[in-house]
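So you can see what is in the structure, the chains are spelled out below.
2 protein chains.
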Amino acid sequence: MTIPSASTNWHVSTLTVVGVGLIGGSLAAAVKERGLATRVIGVGRNVSKLAGAVDRGLLDEVTSDLTWAARQSDLIVFCTPVDRVVAGVREAAVACRCGTLITDAGSTKAEICEALETGLPPGVEFIGSHPLAGSEKSGYEYSNPQLFANRVCVLTPHERTSPAGLQKLRSFWTSLEARLIEMPARAHDRAVAETSHFPHVAASVLAATLAPEHQQLAARGFRDTTRIAAGDADLWTSILLDNAEEVGRSLDKFAGILDQYRGALSRRDAVAIKQLWEHAKQIRDQLG
Amino acid sequence: MTIPSASTNWHVSTLTVVGVGLIGGSLAAAVKERGLATRVIGVGRNVSKLAGAVDRGLLDEVTSDLTWAARQSDLIVFCTPVDRVVAGVREAAVACRCGTLITDAGSTKAEICEALETGLPPGVEFIGSHPLAGSEKSGYEYSNPQLFANRVCVLTPHERTSPAGLQKLRSFWTSLEARLIEMPARAHDRAVAETSHFPHVAASVLAATLAPEHQQLAARGFRDTTRIAAGDADLWTSILLDNAEEVGRSLDKFAGILDQYRGALSRRDAVAIKQLWEHAKQIRDQLG
Numbered sequence: 001m002t003i004p005s006a007s008t009n010w011h012v013s014t015l016t017v018v019g020v021g022l023i024g025g026s027l028a029a030a031v032k033e034r035g036l037a038t039r040v041i042g043v044g045r046n047v048s049k050l051a052g053a054v055d056r057g058l059l060d061e062v063t064s065d066l067t068w069a070a071r072q073s074d075l076i077v078f079c080t081p082v083d084r085v086v087a088g089v090r091e092a093a094v095a096c097r098c099g100t101l102i103t104d105a106g107s108t109k110a111e112i113c114e115a116l117e118t119g120l121p122p123g124v125e126f127i128g129s130h131p132l133a134g135s136e137k138s139g140y141e142y143s144n145p146q147l148f149a150n151r152v153c154v155l156t157p158h159e160r161t162s163p164a165g166l167q168k169l170r171s172f173w174t175s176l177e178a179r180l181i182e183m184p185a186r187a188h189d190r191a192v193a194e195t196s197h198f199p200h201v202a203a204s205v206l207a208a209t210l211a212p213e214h215q216q217l218a219a220r221g222f223r224d225t226t227r228i229a230a231g232d233a234d235l236w237t238s239i240l241l242d243n244a245e246e247v248g249r250s251l252d253k254f255a256g257i258l259d260q261y262r263g264a265l266s267r268r269d270a271v272a273i274k275q276l277w278e279h280a281k282q283i284r285d286q287l288g
Numbered sequence: 001m002t003i004p005s006a007s008t009n010w011h012v013s014t015l016t017v018v019g020v021g022l023i024g025g026s027l028a029a030a031v032k033e034r035g036l037a038t039r040v041i042g043v044g045r046n047v048s049k050l051a052g053a054v055d056r057g058l059l060d061e062v063t064s065d066l067t068w069a070a071r072q073s074d075l076i077v078f079c080t081p082v083d084r085v086v087a088g089v090r091e092a093a094v095a096c097r098c099g100t101l102i103t104d105a106g107s108t109k110a111e112i113c114e115a116l117e118t119g120l121p122p123g124v125e126f127i128g129s130h131p132l133a134g135s136e137k138s139g140y141e142y143s144n145p146q147l148f149a150n151r152v153c154v155l156t157p158h159e160r161t162s163p164a165g166l167q168k169l170r171s172f173w174t175s176l177e178a179r180l181i182e183m184p185a186r187a188h189d190r191a192v193a194e195t196s197h198f199p200h201v202a203a204s205v206l207a208a209t210l211a212p213e214h215q216q217l218a219a220r221g222f223r224d225t226t227r228i229a230a231g232d233a234d235l236w237t238s239i240l241l242d243n244a245e246e247v248g249r250s251l252d253k254f255a256g257i258l259d260q261y262r263g264a265l266s267r268r269d270a271v272a273i274k275q276l277w278e279h280a281k282q283i284r285d286q287l288g
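Those sequence lines, one after another, are chains U and F. First residue of the first sequence: 1, per the numbering used here; consecutive thereafter. First residue of the second sequence: 1, per the numbering used here; consecutive thereafter.
It is possible that some hints are incorrect.
Any copy will do: because identical chains look the same in the list, a pair fits if it lies in one copy or spans two.
[Said to hold, decoys possible] Below, a list of computed lysine-lysine pairs in the DSSO-like style, where the Cα atoms sit at most 30 Å apart:
1) K274 - K253
2) K137 - K253
3) K168 - K253
4) K274 - K32
5) K253 - K49
6) K32 - K253
7) K49 - K32
8) K137 - K274
9) K168 - K32
10) K49 - K274
Calculated directly from the structure, the hints in this document are not laboratory data.
Hey, can you work out the whole structure from these sequences and the hints?
Structure (structure tokens):
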């Protein structure tokens, strides 16, 4: 894991955002608010649904024609569900001018980045990004131009990534006030399985245990602990599938510690319960 | 589960709060702010530590002498860890005047209430309370006079509870703007195992899975989901021990659904993952 230093601003002539939901909409809003691009195009399957994003000033133009948008872009950011990124990037890349940079905002990186390491036209480059920002809300209606400010954004360059391309990508995210971390795509996937993907599973399982007759007693603790279980089903199915192996590994680690609690509870073992609690509390306290 | 109607205010002459931590301190603050008692005494083992609570206007007097405080109280609220409530109530009750009401704010009710159903001096009554309010913070320094406002407070009267005592207790919590629910102590313990105690275990287990090198990638989702794992170790050990059987039952329910996710992930079964997610999301969405 490396933390690159900030770099000078890169002014984008035309930025295309593919998939204008919460992340894509917030990205467009953040770019517009900071004047980082001359023109922002939004690509979506349902153009009429995106008209509102133009009205709100998030986008200059909307289209369902990815090829048309790609042809005039310096930078394309895919904010679609992760299972649609690879095909979309390939489709866009063949239409791009030489020098166009393509990235994404997907929560998994290994499958996407490995598939796109080779095979793109010369001069067109894909480098993976994952801004650790989001919400259980979905839709550009919830766009927030500050969504990336002070949030970590992981970049996953590989051996063949060009220094110039990487520098441009760093500049772009730094302009949105993200804090950059760089690591290999596989290391990223293992880390976020632990810090995000499996925790979504845990929250989901916990929500599922709540009997309807106990709803009234579900106070702030339960609500906070299960908040992320309200995320979009398609989005999360796609992320969990894409990172299934690493999520399974985190699940097993969790199940092992859960078993320790089970044993301590069934033995009524105060010392063991307290040790388990204190160990976890220490880790949690470090997060502040 | 019944929801009693609001009742007229009960002005307490002398209120004693035993255990002046976050809950006890907030209770005192709430009573002071609303002028619900003429005098508020705080009982703690370390009187010098409580001097600050007098300075802040939460308490009128502090003492380590429970018997002395009990002798002049109309209402005594035990806000100690649950494993100290029964002995404390018995000690106080023998000093109380006829008509004194004793309650608590403990997160478990069956052991406490069953132990105190009988054996108190005539005219002195204990009725269990559990305000569903708290924080991962501890200490009266974090007192909040609004802590109980709009929060559920569960009362657990039993067959021998006097209507007059119950009416006074309802009046007291209603004056603090709590929303009252009444149910038997055992039903309460089963419900809160599911809505609070086991979720604390789940949050704790999740926090324990975080490897130090991944800390930087723990974003808002991880933080929210594990926030309650930062609670006080003694407090939570005592609650989990006291309600171990019901917490174990909730743990098993959780483990069963976790296994379904494990199976769906290992089969890369998108349909099953999505079904599990949507079912849980529906339950979570109902909480608003």
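Hint check results:
1. In this assembly of identical chains, the alpha carbons of K274 and K253 lie at most 30 Å apart whether taken from the same copy (20 Å) or from different copies (23 Å).
2. In this assembly of identical chains, the alpha carbons of K137 and K253 lie at most 30 Å apart whether taken from the same copy (29 Å) or from different copies (28 Å).
3. In the homo-oligomer, the alpha carbons of K168 and K253 never lie at most 30 Å apart, since the shortest distance is 38 Å inside one protomer and 50 Å across protomers.
4. Neither within a single protomer nor between protomers do K274 and K32 lie at most 30 Å apart by alpha-carbon distance, with minima of 51 Å and 35 Å respectively.
5. Within a single copy, K253 and K49 get their C-alpha atoms no closer than 42 Å, and across copies no closer than 41 Å, so neither meets the 30 Å cut-off.
6. When the C-alpha separation of K32 and K253 is checked against a cutoff of 30 Å, the pair qualifies neither within a copy, at 43 Å, nor between copies, at 48 Å.
7. Within a single copy, K49 and K32 get their C-alpha atoms as close as 20 Å, which meets the 30 Å cut-off; across copies the closest is 54 Å, which misses it.
8. In this homomeric assembly, K137 and K274 come within 30 Å of each other (Cα to Cα) only across copies, at 17 Å, whereas the closest approach inside a single copy is 36 Å.
9. Taking the shortest alpha-carbon separations for K168 and K32, only the intra-copy value of 18 Å comes in at or below 30 Å, while the best inter-copy value is 60 Å.
10. When the C-alpha separation of K49 and K274 is checked against a cutoff of 30 Å, the pair qualifies only between copies, where the shortest distance is 25 Å, while the shortest distance within a copy is 53 Å.
Hints 3, 4, 5, 6, counting from the list given before, are not met by this structure.
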